[in-house]
Amino acid sequence: MRYAMAIDTKRCVGCADCVVACQTENNVPEGYCRDWIVEETIGAFPELQLEIRSERCNHCADSPCVRCCPTGASHYEEGGVVLVNHDECIGCKACIASCPYDARFVHPEGYVDKCTFCIHRVREGKNPACVDVCPTHAMIFGDVDDRNSDISKALRTRKYKTLIPEAGTEPHVFYLL
Amino acid sequence: MNDIAITSGRMNHGVDPVLHAWSWEIPLYLYLGGLVAGILFFSAFFYLRRREDVFPTAIKTAPLFTPFMLAIGLLALFLDLTHKLYFWRLYTTIRWESPMSWGAWTLMVIFPLSIIWAAFWVKDVFPRWDWKFSFIANTVNYLARFKVYFAWALIAFSAILGMYTGILLSAFNARPFWNTSILGPLFLVSGLSTGAAFILLLSKSPAERHRFSQIDSFLIGTEIFLIIHMFMGFLASTSVHIHAAEMFLGGPYTAVFWTLVVGLGLAVPLFIEIMELRGVKVPVVIPAILVLFGGLMLRFVVVDAGQSSRWLYKFMEQLVF
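Chain order of the listed sequences is A and B.
Okay, so the first sequence: first residue is 133 according to my numbering, each after it adds one.
Okay, so the second sequence: first residue is 62 according to my numbering, each after it adds one.
One chain only, chain B, in its complex shape (with noise of 0.2 Å):
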């Protein structure tokens, strides 16, 4: 057979080295986002489903940390833009045919909205809560009115949240790896499985473990579904996309998404869950820090892969992070 050598002029230091454009700041938004996504998305509806006395915990605890999260995503995603003072531009357009354009006006209504469904359940966290201005409790009384209707606004753009960080970069032709329409129900099944094990972390109720162990148990099998679907869909797909694959199976990133991402955050958590479920004692802790690890490692493997994943100069193809 004939082999290909290539030489290239693109060594300058500026070009090629860094064109892994996106480094930690992505991941850990995307990681973020989808984590805020499942728990704003349980919350909001156990709280239609009226359960707020069996699940006190998804519904009013897990919420309070969300502005939180958002907040550090948002920063990462600030610090990551290299033409900072003008980041304003986002918000001047909006172009439908950018995933990043409406996942910047999603984030500008989620954002406002995980702060106020928040500030609902504050005083029923902390019974000693004091607002300090009557202003702020007053608004939050008189916006606690339409609950309902913010709860399904939550539910709605939870879910908004969550596929479209899948959708951002699947919307990359040019990353044969990222080029898959399952990313985006990968990564919204894997934000709503992180949510949970979020709310298992914090939960005391041994009903509301029960059945967040439950719930967690299928997003986790759901989500391996997916990731086998994946693959598949790769391996029978175009050349580029074999190519992706087969960084996965047997090439530079074989280890790392094996042992990191599906042994350790999903496989491990769903046997020690499912064992629970059958009776056996075991800490919750466990298997709920093992599910977050696993999401947040998901994110890093994916954006990291996806970048080096390419149709030409294939000789670039390496592990950056």
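Chain A with its partners taken away, still in its complex shape (with noise of 0.2 Å):
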């Protein structure tokens, strides 16, 4: 099993409802958040191109979070999920600095705070929360180890990439062209 996810660049309007979501589902502190919109315009103008994406945490699977964590706090679930142990960070900020995506903070509580792709709600047989509340049903969330899943057949059927691959982590959301 590999969780990961595929954000349609093509459905994405940058409505910034995932981001809401997600802080009103994992109660993010005001002034924080695990995901973010980032719009990439490319062109001069009138001859413009306009990519929007949602980012979070690309849940890598050689990630340089969990290889730098000191105690071992950050570290990987079931499904290739990186989770942070709150009761074992220490607040070092080894792991941001060690994240090429800039995807984890320090929580106002002192232990540094990411995406969890939603693992409560995963477990419970749901989607993540950002995919569940996207309008224009551009997030898709799955198993990609598991052909038969929406993911892997979006995986199939469209080009896709991944945010500076060339950075070695292996990153697991994919972005659909």
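Some hints here could point you the wrong way.
Beta-carbon label-pair distances, calculated as ranges [unchecked claim]:
1. Ile-133(B) with Asn-217(A): 26 to 36 Å
2. Met-336(B) with Tyr-208(A): 54 to 64 Å
3. Pro-240(A) with Phe-196(B): 28 to 38 Å
4. Ser-242(B) with Val-145(A): 18 to 28 Å
5. Ala-297(B) with Pro-297(A): 18 to 28 Å
6. Pro-297(A) with Phe-292(B): 44 to 54 Å
7. Arg-206(B) with Gly-300(A): 30 to 40 Å
8. Ala-328(B) with Pro-240(A): 42 to 52 Å
9. His-252(A) with Ile-133(B): 41 to 51 Å
10. Lys-142(A) with Ala-297(B): 52 to 62 Å
Hints in this document: simulated from the structure, not taken from any laboratory.
Yeah, the Cβ is synthetic: ideal placement off N, Cα and C, and Gly gets one too.
The task is to assemble the complex, starting from two chains supplied on their own in separate frames and drawing on the hints.
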């Protein structure tokens, strides 16, 4: 089993519903976010192209944050989900420095926080909150090891990219093009 | 050519502006760690070569400062933690993949070693020193029988301490400016150089000053060589590494790095020390203080620039400290 997320850049309108849903579902304190929208405009006016991405922790298969954590607080859960154990985190911030996606932040309570793929919901058979609220159905969550899952089908039938694969972390959030 | 404009929704005040995770605490600790590594290395090395009469400052006086320097460094490290009450978690695991983990264990060894090593020399430096409690005096006297073993342990652990402060940073692939294996040797050499400068600052013996001026000049030369090598490596690497180097070659860190670190911290003291070795009378305090200052600036600049260099969101690049 290997959980992953695919985000359709052709469908995403950048409404930031995913951001708000995440903040609500996970009690993310004000002024912080575990996911965010990036709008990338390429070209020179009037010839422009726009790509909108909902970004978050990439739950990398070779995560530098897990590697550099001195206490083992950052670890892999089932399905390759990267989580932080709050009681083991000392707040040294090595993982923040190690993440090429800048997906982590220090929670006001002191420990380091990040996207969990809503593992508490996934364990109940639900989708992550961001996926469920997406009004354009731009996001697919699932098991890429299961050939019949929606995400496997999408990755077979569509072109996709990951962010900075050259950083060598094997990211597992895919952007459908 | 195409322009790329990025609008980011990351501008929550808790997220992007604080992604400079490490501020003054970490560079101060890296500096003190390197300085202590340098002092202890020279002390143990010249002790093993039985030069106590020739280099009394290096062997006996300078190590007395190291427990206090390490204590300040450790305090800085502790202040940097955001989940402070859980710091003991560092010592419930050993994670070989994490430089920070084995750095924490190295400190656990070298801090007591530095205290014991300093205790050996207190009576030589302060002849009227009284340990007050006889069991302390007895313990110090007992351990002093194994001085040679302590010296060998200090050589090993001071080298690890000096190297690891650089390796800690170079292990971060996510920060292109840190991601160079030169950083380990560079910080080690810089630590030895600041250690030599500290001994120079304290020393009153002309023979000792002369020798440590020679050592320091050699180390400064090596440091300049390593810095040139580091930039050559970056410029021959991938686009993010070239971009990281460009922060120092015209970018925001150019002035602070080339004037404070390379100019005042390396080139000027090297020039003065060479003049001195050739017989020109210059107060030795000047190059020594410049080297100590340059070492501190090197840590600040490298820690700050590393966090500014990134793969994504390059618009966040800025000088923060």
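Going down the list of hints, with the structure as the test:
For the hinted restraint 26 to 36 Å between Ile-133(B) and Asn-217(A), the CB-CB distance of approximately 31 Å keeps it satisfied. Met-336(B) and Tyr-208(A) have their C-beta atoms about 58 Å apart, which keeps the hinted 54 to 64 Å range intact. Taken as a hint, the range 28 to 38 Å is violated for the pair Pro-240(A) and Phe-196(B), whose Cβ atoms sit roughly 47 Å apart. For the pair Ser-242(B) and Val-145(A), the beta carbons lie near 45 Å from each other, so the given range of 18 to 28 Å is not met.
In this structure the supplied range 18 to 28 Å holds for Ala-297(B) paired with Pro-297(A), their Cβ-Cβ distance being about 22 Å. With their beta carbons about 27 Å apart, Pro-297(A) and Phe-292(B) fall outside the hinted range of 44 to 54 Å. At roughly 51 Å, the beta-carbon separation of Arg-206(B) and Gly-300(A) lies outside the given 30 to 40 Å, and the hint is violated. Taken as a hint, the range 42 to 52 Å holds for the pair Ala-328(B) and Pro-240(A), whose Cβ atoms sit roughly 45 Å apart.
Between His-252(A) and Ile-133(B) the beta carbons are some 43 Å apart, a value that agrees with the proposed interval 41 to 51 Å. One distance hint, 52 to 62 Å for the beta-carbon pair Lys-142(A) and Ala-297(B), is violated here, with the actual separation near 39 Å.
Violated hints for the displayed structure, listed by number in ascending order: 3, 4, 6, 7, 10.
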